[in-house]
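Colleague: Sequence:
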Amino acid sequence: MITAYHSVDGRVITGGADGVDRNALWLDLFEPDSEEIALVEARTGLDLPSRHRMQEIEASSRLSRIGDAVMMTVPVLTGVTGFAPHNSAVTFILGHSLLVTLRHAAPRA
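Residue numbers (the numbering used here): 2 to 110.
Treat the hints loosely; a few may be bogus.
Cβ-Cβ distance ranges computed for the label pairs, FRET-style [stated by the list, open to error]:
1) Gly11 with Arg52: 19 to 27 angstroms
2) Ser61 with Val9: 21 to 29 angstroms
3) Gln56 with Leu95: 16 to 24 angstroms
4) Ala43 with Gly83: 34 to 42 angstroms
5) Glu36 with Tyr6: 14 to 22 angstroms
6) Gly16 with Ser61: 16 to 24 angstroms
7) Ala85 with Asp29: 21 to 29 angstroms
8) Ser8 with Phe84: 16 to 24 angstroms
9) Ala85 with Gly16: 14 to 22 angstroms
None of these hints come from the bench; they were simulated from the model. Just so it is clear, CB atoms sit at the ideal spot from N, CA and C, and this is done for glycine as well.
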């Protein structure tokens, strides 16, 4: 699922995949499928990491550059309110005027 955030007349407006464009402030990808990944990559020029790559990233490689953007992948603990806590990864990509978050879990904070 893609949630796109735009600034319109000083207000933040949310939308779906149709809002994936160069005017977006933030694109939040939650459990994206291959079509959503391809859409965001095509419209932003970014090379988004796969879920496997996000999970397997070495501690020394968690912060890197992708062209003019900075990418950071961090481990997060999810499922702590239930009986099955586990680690997941969230990737943040910050460009000149766009933030992209890529996640496969919904952390509470």
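Colleague: Hint by hint, say whether it matches the structure.
Modeller: Do the hints match the structure? See the list:
{"no.": "1", "hint": "Gly11 with Arg52: 19 to 27 angstroms", "in the structure": "36 angstroms, violated"}
{"no.": "2", "hint": "Ser61 with Val9: 21 to 29 angstroms", "in the structure": "41 angstroms, violated"}
{"no.": "3", "hint": "Gln56 with Leu95: 16 to 24 angstroms", "in the structure": "21 angstroms, holds"}
{"no.": "4", "hint": "Ala43 with Gly83: 34 to 42 angstroms", "in the structure": "37 angstroms, holds"}
{"no.": "5", "hint": "Glu36 with Tyr6: 14 to 22 angstroms", "in the structure": "20 angstroms, holds"}
{"no.": "6", "hint": "Gly16 with Ser61: 16 to 24 angstroms", "in the structure": "37 angstroms, violated"}
{"no.": "7", "hint": "Ala85 with Asp29: 21 to 29 angstroms", "in the structure": "24 angstroms, holds"}
{"no.": "8", "hint": "Ser8 with Phe84: 16 to 24 angstroms", "in the structure": "41 angstroms, violated"}
{"no.": "9", "hint": "Ala85 with Gly16: 14 to 22 angstroms", "in the structure": "33 angstroms, violated"}
Hint compliance for this structure: hints 1, 2, 6, 8 and 9 are broken, all remaining hints hold.
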